Structures are given as C-alpha cells and as structure tokens.
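Single-letter residue listing:
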Amino acid sequence: MRKLYRNILTCSLLALVGCSSAPVEEPLEVNIKPLGERQAAPKFELKDVNGAVVTPAEYKGKVLLLNFWATWCVPCKAEIPWFQEFEKQFKDQGFSVLGVSLDEEGWDVVKPYIEERKISYRMVIGSEETSTMYGGIDSLPTTFIIDREGKIAAIHTGLVSKASYKKEIEDLLEGSKSAGTNTDGGDSQFAFFRAPSPRAE
Amino acid sequence: MKAKLGSTVEVRLPLELRQGFHVNSNTPADKTLIPLKVTWKEGLLGAVEVVFPKPVMEKYKFSKDLLSVFTGNFEVVTKFKVAPTAPPGPAAINGVVRYQACNDNGCQFPTNLNVVIQVMLVR
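Going down the list, the sequences are from chains A and D. Position in the first sequence (first residue = 1) + 24 = the working numbering. Position in the second sequence (first residue = 1) + 498 = the working numbering.
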C-alpha cells in the first residue's frame, strides 16, 4: 500500500514527516476554513468490519471527523478516547467519527486492536488510493473535519489538542462560520534517516 | 572492505536520525509498534549475528508510557561469516533497514532502507 512512499524514500534516503506544530497541551488551534474555501470531501467506498460499504455521502447532513490512523502510531492511540467521547457527546447533534486505518495488514491487525480497546466508532481500512484522494497522507494521524454539506472544513496533520478538536466540532455543529488563520503543514518538519557507508572492523 | 575466505568479519552500520525524531528500538514494549530491523540477504557472506545498541527509554507527550527508542546517531553491528569456498574477488552484501519513525506530533509510515556493502574477498 505504501510502495510509492517507500520508493521515494529509498532512492533519496530521505524519510519525510509532515507534522503540525501544536502539541497536546497547547492552547486552542481552531482552523476552520471559511465556507467559500471548503472543498468537497473526496468520495470513496470502503468496507467496515462487518463488510458493509461506507461512503462519505452517508454522512451528509452530519459533521464527520475522518481520522486516518494506524495501529503502530502511538499519537493516533492518544486520540482514540477523545474521538469516542466526542461521538458519544455530540451524536444527537449530528456528529460521527469514521476511522480509516492505513495498516498494510488490514483487518488482521485492526480488528483485534479495536476489540481490545473497545473502540466504538466506525472503522474502515483505507488504501493508497484513498490516501491519494485525500492529498497523499504521508504521516499519521491526519484528520479531516467535514461539515454538514460534505465539505472539508479543517485538516490536521499530526496531533493537536483535544480542546481544539472539540471547539471545531462545536463550531461546525452550531453552524459557526469562523475562519481560522492558522494552517497545519505550512511549517512542516522533515526528518531523514540515512545509513552512511558501513565500515568493517 | 576486505574479508578473508572462511573468516568472520564485523560490519558497523552507522545510522543517523534527524534531531527531534525517534525510531522504535529493536525491542519495543508494545507489540503493536514496529521494531527497527536489519536483515541481510544470504550470499557469499552470511549474517551470523546482528547487535543493536542499548535502547533509550523516553517519554513523549503523546504517551503515558516510556517508549524504547533510538535517536540521533547510532550503529548496528553485524557479524558475517565468509564462505570458505567463495571465489576471491568483489562481492556485495545486500540488506534492508526497516524502521518506523515519529516525532512529538506524528509518525511516518514504516520504511525500508536498502543497504549495499561492497566487499573484496581475499584468500
């Protein structure tokens, strides 16, 4: 699934990580785009753990938190209880969470993981195609908050605070048209991990 | 690098990770985490032992638990046995470093880094 990234990294010996600059404890970082700047969430058809087809269109009329994650991603793990809490708290106001796992091993690793942690929100297994449709997910977690019209209202690459998510969800549920000025990814940091020439001893 | 037929040679693979990032060690505590792995293809030189440095236990803001990681510059040492019947001359050892790196905010996808070591086999 991640062949594209691997090839690029192998050739250049570069491993790139895009990440936001907002740590968990920091103040609110509300990045809701103005209505006119929002684009429609790309369509996909992915299956949930029961084999039912899931599409973003199902969520039209609701605010959807679309979270790309993986079982090996520790920051992703930190967000899971928040998202469960949000879905429980805002469900009646028209809010849902959809997790898109990008684990290469698919349900073999994801199913036990969600069972063990009793993850209550809906989950699907994403593909490289899904990732590409959403701009090429190159680090996790990456989260899209989609408004009731099915348009992307906010994007977060990396971990942001629970309070920031909550504020964005509340604003969208209330129909707030607030426009944040901060954007994630503009100040991305890049990591590289390289193996210089080995030496024998 | 020269290696005598039938001998055991030690190869140090220096790895460098950009500041602010870490990779899981070869022995992460959580079974869901992807460990650092160095694997070598069988050839005229066969890997007999791969030795990783001692991991560091670090605390990150996204985790309650300490994580077993490598950061900065470190070396992975591999001992190779040279086949006594190998033909003298140039040879290559091909390997793969598999790692999964994160910083304080996010994680990159698991990555395979190809490594080739050129060796001159001598009697």
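In case anyone wonders, no lab produced these hints; they're calculated from the structure. These numbers were taken from a predicted model, which means no experiment stands behind them. Take the hints with a grain of salt, since some may be wrong.
[What the hints assert, rightly or not] Heads up, simulated DSS-like pairs for lysine-lysine below, C-alpha to C-alpha not over 30 Å straight-line:
| id | chain 1 | residue 1 | chain 2 | residue 2 |
| --- | --- | --- | --- | --- |
| 1 | D | K552 | A | K191 |
| 2 | A | K101 | D | K577 |
| 3 | D | K552 | A | K190 |
| 4 | A | K186 | D | K557 |
| 5 | A | K57 | D | K552 |
| 6 | A | K112 | D | K552 |
| 7 | A | K71 | D | K529 |
| 8 | D | K552 | A | K186 |
| 9 | D | K559 | A | K101 |
| 10 | A | K135 | A | K57 |
| 11 | D | K579 | A | K101 |
| 12 | A | K191 | D | K529 |
[What the hints assert, rightly or not] Cβ-Cβ distance ranges computed for the label pairs, FRET-style:
| id | chain 1 | residue 1 | chain 2 | residue 2 | range |
| --- | --- | --- | --- | --- | --- |
| 13 | A | E109 | D | K552 | 45 to 53 Å |
| 14 | A | L59 | D | K557 | 40 to 48 Å |
| 15 | D | Q616 | A | E109 | 53 to 61 Å |
| 16 | A | E128 | D | E556 | 35 to 43 Å |
| 17 | D | P585 | A | A76 | 29 to 37 Å |
| 18 | A | K71 | D | K552 | 37 to 45 Å |
| 19 | D | P585 | A | D72 | 50 to 58 Å |
| 20 | D | L564 | A | L52 | 49 to 57 Å |
| 21 | A | A187 | D | R596 | 30 to 38 Å |
Built from N, CA and C at the ideal position, the CB exists for glycine as well.
Do the hints match the structure? See the list:
1. Proposed proximity of D/K552 and A/K191 is contradicted: the alpha carbons are some 43 Å apart, above 30 Å.
2. This hinted pair does not check out: A/K101 and D/K577 have alpha carbons roughly 37 Å apart, beyond 30 Å.
3. A C-alpha spacing of about 41 Å is found between D/K552 and A/K190, which places the hinted pair above 30 Å, so the restraint is violated.
4. Restraint check for A/K186 and D/K557: the C-alpha separation of about 20 Å stays at or below 30 Å, so the hint holds.
5. Between A/K57 and D/K552, the direct Cα distance comes to roughly 46 Å. Violation of the 30 Å bound is thereby established for this hinted pair.
6. Taking the CA atoms of A/K112 and D/K552, the gap is about 43 Å. The hint is violated against a cut of 30 Å.
7. Distance restraint check for A/K71 and D/K529: the Cα-Cα separation of roughly 26 Å lies within the 30 Å cut-off, and the hinted pair is therefore satisfied.
8. Pair hint D/K552 plus A/K186 does not hold up; C-alpha atoms about 35 Å apart against a cutoff of 30 Å.
9. For the proposed pair D/K559 and A/K101, the alpha carbon gap of about 12 Å is at most 30 Å, so the pair holds.
10. For the given pair, A/K135 sits about 34 Å from A/K57 by alpha-carbon distance, which is inconsistent with the 30 Å threshold.
11. With a C-alpha separation of about 42 Å, the suggested pair D/K579 and A/K101 falls outside the 30 Å cut-off, and the hint is violated.
12. Restraint check: the Cα-Cα separation between A/K191 and D/K529 comes to about 34 Å, which exceeds 30 Å; the hinted pair is violated.
13. Remark: the range hint 45 to 53 Å for A/E109 to D/K552 is contradicted by a beta-carbon distance near 39 Å.
14. For the pair A/L59 and D/K557, the beta carbons lie near 41 Å from each other, so the given range of 40 to 48 Å is met.
15. Range check, D/Q616 to A/E109: Cβ separation about 56 Å, and the 53 to 61 Å hint holds.
16. Checked against the hint of 35 to 43 Å, the C-beta distance between A/E128 and D/E556 comes to roughly 26 Å, which is inconsistent with it.
17. A hinted range of 29 to 37 Å for the beta carbons of D/P585 and A/A76 is inconsistent with their spacing of about 60 Å.
18. At roughly 44 Å, the beta carbons of A/K71 and D/K552 sit within the given window of 37 to 45 Å.
19. Take D/P585 and A/D72: their Cβ atoms lie about 57 Å apart, and the range 50 to 58 Å holds.
20. Between D/L564 and A/L52 the beta carbon distance is about 29 Å. The supplied range of 49 to 57 Å is therefore violated.
21. Hint check: A/A187 to D/R596, Cβ distance near 36 Å, so the stated range 30 to 38 Å holds.
Hints 1, 2, 3, 5, 6, 8, 10, 11, 12, 13, 16, 17, 20 from the earlier list are contradicted by this structure; the remaining hints agree with it.
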